[in-house]
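> With these hints in hand, go ahead and build the complete structure from the sequences.
Respectively, the protein sequence lines represent chains S and V.
The numbering of the first sequence is the working numbering, which starts it at 1 and goes up by one.
The numbering of the second sequence is the working numbering, which starts it at 1 and goes up by one.
Everything labelled a hint here was simulated from the structure, so no lab data went into it.
Be aware that a few hints might be false.
Stated by the list, open to error - Computed footprint of chain S on chain V; a stretch qualifies when at least three of its residues, placed anywhere within it, have a C-beta under 8 Å from a C-beta of chain S:
| # | region |
| --- | --- |
| 1 | 195–207 |
| 2 | 217–224 |
As the list claims (entries may be wrong) - Chain S regions said to be covered by chain V (calculated; three or more residues, Cβ under 8 Å):
| # | region |
| --- | --- |
| 3 | 142–148 |
| 4 | 183–191 |
Claimed, not checked - Residues on chain S that point at chain V, a partial pick, calculated with CB under 7 Å:
| # | residue |
| --- | --- |
| 5 | 20 |
| 6 | 68 |
| 7 | 126 |
| 8 | 130 |
| 9 | 153 |
| 10 | 154 |
| 11 | 155 |
| 12 | 157 |
| 13 | 158 |
| 14 | 160 |
| 15 | 161 |
| 16 | 165 |
Here a beta-carbon is modelled for each residue, glycine too, at the ideal position from N, C-alpha and C.
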Amino acid sequence: MPRVAMTRFLGWLAVCALIVGLAADFGYAPREMTQGNVQRIMYLHVPSILTAYLAFGLVLLGSVAYLLSRRASWDHLAASAAEIGVLFTAITIVSGSIWGRPTWGVWWTWDARLTSTAVLLLVYVGYLLLRAMVDEPEARARYAAVVGILGAANIPIVHFSVYWWRALHQPAAMLGPGRAPMPGWMKGIVLVNWIAFTLLFAYFLSRRMQIARLEEQA
Amino acid sequence: MPYTRRALAVLWKDLLTERRSKESLNALLFFTLLLLFIFQFALGPDRDRLRVALPGLLWLGLILAGLLGLGRTFVIERDNDCWEGLRLTPGDKSAIYLGKLLGNFTLMVVVEVLLLALFAVFYDVALGPALPNLGIVLLLGTIGLAAVGTLFGAMTAQLRARELLFPVLLLPAQVPILLATVSLTEATLLGQPLGEVSHWLKLLAGADVVYVVIGIMTFEFILDA
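The following block contains the structure:
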């Protein structure tokens, strides 16, 4: 299958998966007892951040691979993944904020996980700003790769420092050690949405990388 | 020339230039003095309030001074094609990074000593018993600040929007250093032994190692072209 047709197929696949996910969120999932309908935001919130983690992982991969191989396609991968990662991190923060207002009574609180996610967003917005301000493609790729690597190495350090500084968020539901306070069917719905978001991410990524290739040729 | 000698040569060159021109140091010392006044005006004359905010203010002052000072080390290399000279240095380019890092570290330590003395005088803080522990915290925090600052300073020195980009890149990366040093400074000023806050100390030391190692490994990619 040619590349364009593949991308288009991926896009439609993502749309179908998102429809299934939405049907599960609103049709299958029951109304939560204490939080009410607002709990359904979780089905958007958790897959978004997991997708963002995937994106930032790819930024690191693209950055290291670029410095080692100096092939522009790795830089395109890092740049595209960073943009989409920032988008999904922003969705996570905004959706969490909309959930937090009725549930915790505040839009924002300086809790450990909120703060570390916000710092994550700031680091990669800085990365995108740097990219926007360097005109020469080769220098831009080198500088961005260094920032991408340092930013990724900093994630665990930021995580621990902010965690010791403060904690109020519920424990991680899908990844990480410790108990996941979630019934099996709920995890199933999150999983369906996670798959849908990952497909959507893959579609965005391939489109964005196409654009990056075209920009370079122009 | 072996690696360490090349690093020390860069350090010596920077210290000598700074001693003769006193460009960065004079401006930075004056800037920290100004900061002290600004903090005082922002918080008002209430001594208790100042004392509570003190660890945060101290590190905020250092980071602001770092934003001014660290970005400059590579900007001065742009004059008289010094940049080309540095790039022509034979051997591993990370020696240049280490030399610049040591120079920046020294500059920041001088600023810190002055800032601490000014804090003690103007805000009436009894630093005496906390001084040895505070010294350890300051040195560890400065390594982290200078390591990332030197790396990003080398990068942004070559860009048109460097005054804007340098803080935008450096500040998010300094979040762990700021959280750790403020917590440690708080603890030391309260007279707690460092053993009670050893997790912060380990985090700070770990962050220093990670930043310096990444700086050494990636510096040549910033320099070449």
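> Sort out which numbered hints this structure fails and list those numbers smallest first.
Numbers 4, 5, 6, 11, in rising order.
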